[in-house]
Amino acid sequence: MRRVVRTVLLLFALAVGGIVAAAWYAGDSSDLEMEYEGFD
Amino acid sequence: MAKRKRSLLLANVALVVFSAVVSLLLLGLLEVGLRVADVGEDQRTSQLKYQQIHFPTLVPGTLADGTPVLRPADPRLRYQSVLRDKPEGALRVVTFGGSATAGLGFSPNVTFSRELERALRSAYPGWKIEVLNLGVVALASKQVKLLVAEVARLHEADVMIVYSGNNEFLEVHAEKYAEASATPLSMLGSLLMDLNLYRFVNGLIRGPQRGEALVEQEFSNEELQLTQDAIIQHVSMTQAEIAEVVDRYEANIEEMVEVAARSATPIVLVSVASNWAWRGRSDLPDGWLAELVGEPATGEGQVLERAREILDERIADSPADERHEWLFKRALVHERRGDLAAARADYRAAMNADPHLRRALDAANERLQAVALRRGAGFVDSVAVLSSRAPGGIVGFGDFYDYVHFTPRGNVRMAAALFDALEEMGVTEPMPGFDSEAHAQERLVALEALDSDSLAVEDWMGFAFDPATIGGRDLWKYDKVLEELDERIAADPEDVAARVYRGNGHYFRLGGGADAGRDYRAALRLDPGNPVIRANLERLESEGREDGGG
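For the protein sequence lines, the chains are A and B, in the order given.
If you count the first sequence from 1, position 34 lands on 34 in this note's numbering, and the numbers rise without skipping.
If you count the second sequence from 1, position 448 lands on 448 in this note's numbering, and the numbers rise without skipping.
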């Protein structure tokens, strides 16, 4: 049982860590970018 | 032995799978918890960075004499202020919209908002008049309605004027392009941004973000910097999708009227006009008609008749996304033939069929008018106002220097119509002896006679030394003028006019008070007796902005 809890906690920590790392490096990565400009 | 190994392996795999499922459930629970507690809510008002808005829009400040005022916090808004405690009998007008309201291309003095302020001050010299311009470049009705709601709730406006409709397709174009060019990584990023957990963590790491002026933005990913032209090569909108955007626009306008009604604030909805004669930064080449007809011309009448026949065929045969070009050319042919009604119809049809979708559609304007009629809101038909005064009724370069941004003349015309609308709605009272049309004519004559920019900060237009800039088609011409002033002063630090102009540029920039003071004082040292420079400096000093207060 203890092994199961440990594995669950490890995987959960990895997932949260992954999210934190992604936020740290990528930020609002899904913000779209497009120049606001006139057109021809 | 082998069997034991296998069962051990199976047990381990089962453990990992089970643990993964449980940890995913835990993550799910955490996400649900955050959503229930409203933590990490998506506060973006658009997926485009420059369409974000952050509240509050106005923050407290004090003038040099201690008078409490409210000033913009968003650096995209230019410096302006209203009294924190609105005096009895004061008239407070707030204008909303995108770049056409903000006055992109000029100083904030060249806006319909400022022209309306001038007209109101002339008409009601004894009144305390405040006209606040909350136009922000690139905002669509989805963001404008949030600003309208904030002002209706907090800022005691006597009337709100909404001129919004040119930017409705910006976000959807960018979304469609992102979908069309999605990579597994970008899809993962987009998936993560949908999680409250991710946004919460991101907020903890980065803190709240404030808006930046477009030209100051650091775009992080070069390949995602797209011009509108590149976008329409990859993205097309079906008629149903366009209709959906127009429906959402109407709903947004309706919400604005609703929040205005709830706070008993009169609201004026203004239809959004644009330049029907716009084809791009350059016009058609001189020989386009001869090239189209393709045979030796035998008199202009015949050439035009033949061109019309060819264009009729092209319009009938061409796919929807190419039709606007032929409609535009046929409009030119009709105009040359003197058939102005047909020319107007084709210009408008060309505008409505333009796949760039960067000018408010007639369909959207019709919805706006319908909302105004249905809800009893004020309405100004800017298309009719400008068309009634334009040569041949064709709204063109007299009123717009590019596809949607007003010339000084366009702003004067708009302001006169708004002035009349406020009177009709009972927001202002008729003032005997003041005629808005005569005032507009005076302004137009003064603008026509202008051969140099004013040193006075309240009149400075932002073209500085080159009046040809007024008609120039570049959206970013004002920013370029400011850069050129830096160069000019670097080459000749004793150029008094350049110092004052640059001071004026700093004056209007949020946080530019100290720089403006430096330039005005340097100019005053060079020309100590100049009353205009002294007045600029006194105005700045009275606002108490030089210690970073705005």
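Certain hints may be false.
[To be verified] Just the calculated beta-carbon pair ranges, DEER-fashion:
(1) A:9 with B:230: 39 to 49 Å
(2) A:21 with B:486: 35 to 45 Å
(3) A:21 with B:10: 55 to 65 Å
(4) A:9 with B:3: 24 to 34 Å
[As the list claims (entries may be wrong)] Reference listing, derived: stretches of chain B covered by chain A, where coverage requires no fewer than 3 residues with Cβ under 8 Å from a Cβ of chain A:
(5) 6-18
(6) 196-204
(7) 436-443
Think of the hints as simulated: they come from the structure by calculation, not from any bench.
Where a beta carbon is used, it is the ideal one built from N, C-alpha and C, also for glycine.
Status of each hint after checking the structure:
Between residue 9 of chain A and residue 230 of chain B the CB atoms are about 48 Å apart, so this pair conforms to the stated range of 39 to 49 Å. Between residue 21 of chain A and residue 486 of chain B the C-beta distance comes to about 42 Å, which sits within the given range of 35 to 45 Å. At roughly 32 Å, the beta-carbon separation of residue 21 of chain A and residue 10 of chain B lies outside the given 55 to 65 Å, and the hint is violated. Remark: the range hint 24 to 34 Å for residue 9 of chain A to residue 3 of chain B is upheld by a beta-carbon distance near 31 Å.
Counting residues of the segment 6-18 of chain B whose beta-carbon sits less than 8 Å from any beta-carbon of chain A gives 3, enough to reach three: the coverage restraint holds. With a cut-off of 8 Å between beta carbons, the segment 196-204 of chain B has 4 residues touching chain A; three or more are needed, and the interface restraint holds. Counting residues of the segment 436-443 of chain B whose beta carbon lies closer than 8 Å to any beta carbon of chain A gives 0, which falls short of the minimum of three for the stated coverage.
When each numbered hint is compared with the structure, violations occur for hints 3 and 7.
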